[in-house]
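Participant: These protein sequences, in sequence, are chains A and B. Note that this note's numbering numbers the first sequence so that position 48 is 48, with each residue one more than the last. Note that this note's numbering numbers the second sequence so that position 593 is 1593, with each residue one more than the last.
Hints are not guaranteed to be accurate.
Unchecked claim - Think about it this way: if two alpha-carbon atoms lie no more than 25 Å apart in a straight line, the pair counts; the simulated SDA-like pairs of lysine to any residue are:
#1 LYS1389(B) - TRP1468(B)
#2 LYS1776(B) - LYS1676(B)
#3 LYS1489(B) - HIS43(A)
#4 LYS1685(B) - LYS1776(B)
#5 LYS40(A) - LEU1431(B)
#6 LYS1240(B) - THR1480(B)
#7 LYS1240(B) - PHE26(A)
#8 LYS40(A) - GLU1482(B)
#9 LYS1389(B) - VAL1401(B)
#10 LYS1240(B) - PRO1476(B)
#11 LYS1545(B) - LEU36(A)
#12 LYS1685(B) - LYS1539(B)
#13 LYS1685(B) - GLU1670(B)
#14 LYS1527(B) - PHE22(A)
#15 LYS1240(B) - PHE16(A)
#16 LYS1527(B) - PHE16(A)
#17 LYS1661(B) - LEU1431(B)
#18 LYS40(A) - ALA1706(B)
#19 LYS1383(B) - SER46(A)
#20 LYS40(A) - ALA1162(B)
#21 LYS1539(B) - ALA39(A)
#22 LYS1790(B) - LYS1389(B)
#23 LYS1527(B) - ILE17(A)
#24 LYS1545(B) - PHE26(A)
#25 LYS1677(B) - LYS1527(B)
#26 LYS1685(B) - ILE1600(B)
Said to hold, decoys possible - Here chain A is said to cover these stretches of chain B; the calculated rule only asks that three of the stretch's residues, wherever they fall, bring their Cβ under 8 Å from a Cβ of chain A:
#27 1168-1181
#28 1242-1249
#29 1512-1518
#30 1743-1755
Hints are computed from structural coordinates only; laboratory data are not their basis. We put the beta carbon where it would ideally sit given N, CA and C, even for glycine.
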Amino acid sequence: MFQRMHVEDWAMSLPFISFLIFAVLFAIVSWRALRLSEAKRNHLASLPLDPTPETPNQP
Amino acid sequence: MTTSITYDDNSVRRFMIASIAWGIIGMLVGVLIATQLSFWQMNGHYLEWLTGGAIKADGISFLTFGRLRPLHTNAVIFAFVGNMMFAGIYYSTQRLCKVRTASDLLSAIHFWGWQLIIVAAAITLPMGFTRGKEYAELIWPINIAVVVIWVIFAINFFWTLAKRNEPSLYVALWFYIATIITVAMLYIVNHLSIPTSWTHSYPIFGGVQDGLVQWWYGHNAVAFFLTTPILGIMYYYLPKAANRPVYSYRLSIIHFWSLVFIYIWAGPHHLLNTDLPRWLQMLGMTFSLMLWAPSWGGMLNGLLTLRGAWDTLRTDPVIKFFAAGVTFYGMATFEGPLLAIRSVNAISHYTDWTVGHVHSGTLGWNGMMAAGMFYWLAPRLWKTQLWSKPLANMHFWIAMVGILLYVVALWCAGITQGLMLGQLAEGGTTLKYEFLETLGDIQIFFIARSIGGALYLAGFGLLAFNIWKTARSGQPYDETVEVTVLERKHKDRMPWSESLFSDPLAHIFLAMAFVILWFFLPHHADKAALLVAVLLSIKAYYAFKSSADQWVNWHERMIENYLPFTVLVFIAVAIGGSVQIIPTVLVNREKNIEGRLQEIYTPLELAGRDIYVSEGCYNCHSQMIRTLVPDVMRYGRAGVVDDYSHLGESLFDHPYQWGSKRTGPDLAREGGPIAKKDTQGTLYKFMRVGKRGNDWHFNHFLNPRAPSPGSNMPAFPWLFENATDVKALPGKIATQVQLGVPWPALNQHEISDMVETQAQEIAQSLVAAKVYLPSKPDLQGDALRNHLAKSQVVAVIAYLQKLGAYHEVKKAHPGQPSALDPDTHRSKPAAP
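Could you build all of it, start to finish, from the sequences and the hints given here?
Facilitator: See the structure below:
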């Protein structure tokens, strides 16, 4: 390792930033996932199983 | 309006057949190299027995472990899993989008291009053409071909999404999108090189920087090539096979986003206890531990999808393979974070424990999921029944026994060797075991591992036979369905501006930007930035209160709009990579080094290094003495303080050669100072002598077991016959200068003279030590010296005797913080 690293402290802050970014974005998508409507969830979950034509052209 | 669509299942069949064929070849090479660790004769000497003596060699260059191991890893990753992934993606994407793949031509180019790449790899790797970086060995022309074919695949995939007749994007498609975007980014960055010839290049990164980029890529090759696409396949095929929807769609969303946000950060856990800056090691370890949660969430989501269908586990081989595959996913992703804990890693790293862990993932997760998918697909692709369920069941049990034997054997081998290497003798001042003693003690586990691998391969042979008989019993069949055509105005309706600059995103990113500024700005300005971040958060709250619908719609429309979704995934993974890589790009420079700084190689040493890389020595030997007492005691020099590998000692190494596995000992301190005088009292100009003499290395390359009884290293007889490529050196040195390696100005004549002088010095020392060349018994004296001076073995010896050479750099005045240094306001005034 370096005996002295001039920017070591600067770099030390990066894990904190990374935590922050992760925590904020993950909290948002998790919250949105949990709030997904049941109808939407069921529709999405059944996509692999549903071979019949749907009625997708709704506004 | 409805329309009739015929899916392109021909591409699926082709990729599936290719996957099975390459899988068998890749696994066969794997079994061969596993036996090489127990029986050195498997490095080519066995051909002497097979041909009744027609071929005579202690080793054959293109059959050694160092050259075949990259072939094995590339074959199983890119050929076996790659083709399996493409088969799974092409089949499921068409069904989930209710549309035929956008372009048959692009599908065909993708298929044949990928197979050509694999063939090129299978030819070049055994020839020793390599970049010397694990899973990134392929030479630069093949790298370009990989990028072109990957882009063609991406165009075809996204074009298909654009033409889809289903507005929503199922979660499997999210995983495919993340795979395509992230693999492209990882592959391009880690393969940035400057060519020196059609078959050779130097990576633009060096030393710790190269190590970091390599494992950012290497780890995420596992994450985004071996995991996310297979998770997409799990989310599509498991519900299909069980005939019920995924257990929790909400959990699948959280699974996806948490993997995208976390996985990309975890690469540094491959460099724990090395001279990688500590904050990066902690970053890698912490994010690895965080992976436990989403991985197990995903595993449970997969297994619970089988709720109410567990009875089919007894009768349906597809469900059996999927359930085992998902379980192995859980086991491997439990073990991974465990191994990323620094104290555990101190034992496991560089041992077979890691190899066992990787194979529980590849054989258990990838292999079992591939088998389940193939057994499910084959009857549908040939419109028939699976030829034999009992045979598939037999495959399952043979594979299961094989995996367990393999993984448990390597757990035992790795933990045993890791503990033995650190064990102290009575008195506590010396190590108890020589390296070769530890290798001897784990041989029984190596043999068990070879048997386990052979069983797994046998099982896969049964699959190939079963699929072949299934195909023969039916006819190639392309499914045709009626679908409702989705009008253009009902899909991908989110404009770019809204997707990237909508209120929610704008608030989130602005607030984050000010929090980052809080870290970086000088005194008082940082508090202002924090205040702005808080105000933005408050504004975001009120914006949400006043227009909750807009926020909700934004998110839900986002998952129905593939381009904005793709951009957001790219931003997430790009941030993860940038935060790790950019700071080390800035600090990993000569001007920052204080303490040990690597000595520049001589031209002959550079030639020797290229041969070392070409032979794949890094597959078995590390060049990294970790900051651990047993490492320093074993590989450091007596009486030298802090004799672990310092960061500056490999600063100019393109590529870095820290390695990831020690089948042989570490070589970081193998070299030594320039030798004093020869027998005539002449001072040596270049020749160095390290831990061992030149004649020891000579005899070791000729027959490793002569100086090291019990060694499993292959013999390298061709190094004594092949000449060093001196003509290429001026171009290579010029390229290194471009990369920032501070070579002195040398013309080609000076380079040739330096090579000749150093080679003659080493060759003379070998002749003086009365070495014997079995292939040329008549050569003696000057004739032998001149022959050896031109040979590759002398170049490699020159390189090995240079390893660990450095000089001390002392700085009278430490560098001042730069303008962007966030610590400016904390620094004390420099002493006058």
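Participant: Against each hint, give a clear statement of whether it holds in the structure.
Facilitator: Evaluation of the provided hints:
1. LYS1389(B) - TRP1468(B): Distance ~14 Å between LYS1389(B) and TRP1468(B) Cα, so the pair holds.
2. LYS1776(B) - LYS1676(B): violated, 30 Å
3. LYS1489(B) - HIS43(A): holds, 20 Å
4. LYS1685(B) - LYS1776(B): Violated: LYS1685(B) and LYS1776(B) sit about 29 Å apart, past 25 Å.
5. LYS40(A) - LEU1431(B): violated, 63 Å
6. LYS1240(B) - THR1480(B): It holds: about 18 Å lies between the C-alpha atoms, which stays within 25 Å.
7. LYS1240(B) - PHE26(A): Judged against 25 Å, a Cα distance of about 29 Å means the pair is violated.
8. LYS40(A) - GLU1482(B): holds, 23 Å
9. LYS1389(B) - VAL1401(B): Satisfied, since the Cα-Cα distance of roughly 19 Å is no more than 25 Å.
10. LYS1240(B) - PRO1476(B): With a Cα-Cα distance of about 21 Å, the restraint between LYS1240(B) and PRO1476(B) holds, given a limit of 25 Å.
11. LYS1545(B) - LEU36(A): holds, 18 Å
12. LYS1685(B) - LYS1539(B): violated, 72 Å
13. LYS1685(B) - GLU1670(B): The hint holds at about 19 Å.
14. LYS1527(B) - PHE22(A): Holds, at roughly 22 Å.
15. LYS1240(B) - PHE16(A): violated, 42 Å
16. LYS1527(B) - PHE16(A): Holds, at about 17 Å.
17. LYS1661(B) - LEU1431(B): holds, 20 Å
18. LYS40(A) - ALA1706(B): violated, 71 Å
19. LYS1383(B) - SER46(A): holds, 24 Å
20. LYS40(A) - ALA1162(B): holds, 21 Å
21. LYS1539(B) - ALA39(A): It is violated: about 31 Å lies between the C-alpha atoms, which goes past 25 Å.
22. LYS1790(B) - LYS1389(B): Violated. LYS1790(B) to LYS1389(B) sits at ~61 Å, over the 25 Å cutoff.
23. LYS1527(B) - ILE17(A): Distance of about 16 Å is within 25 Å: holds.
24. LYS1545(B) - PHE26(A): holds, 20 Å
25. LYS1677(B) - LYS1527(B): Since the Cα atoms of LYS1677(B) and LYS1527(B) sit roughly 65 Å apart, the hinted pair is violated (cutoff 25 Å).
26. LYS1685(B) - ILE1600(B): holds, 15 Å
27. 1168-1181: Check passed, 4 qualifying residues.
28. 1242-1249: holds (count 5)
29. 1512-1518: holds (count 3)
30. 1743-1755: violated (count 0)
Consistency note: the structure conflicts with the earlier hints numbered 2, 4, 5, 7, 12, 15, 18, 21, 22, 25, 30.
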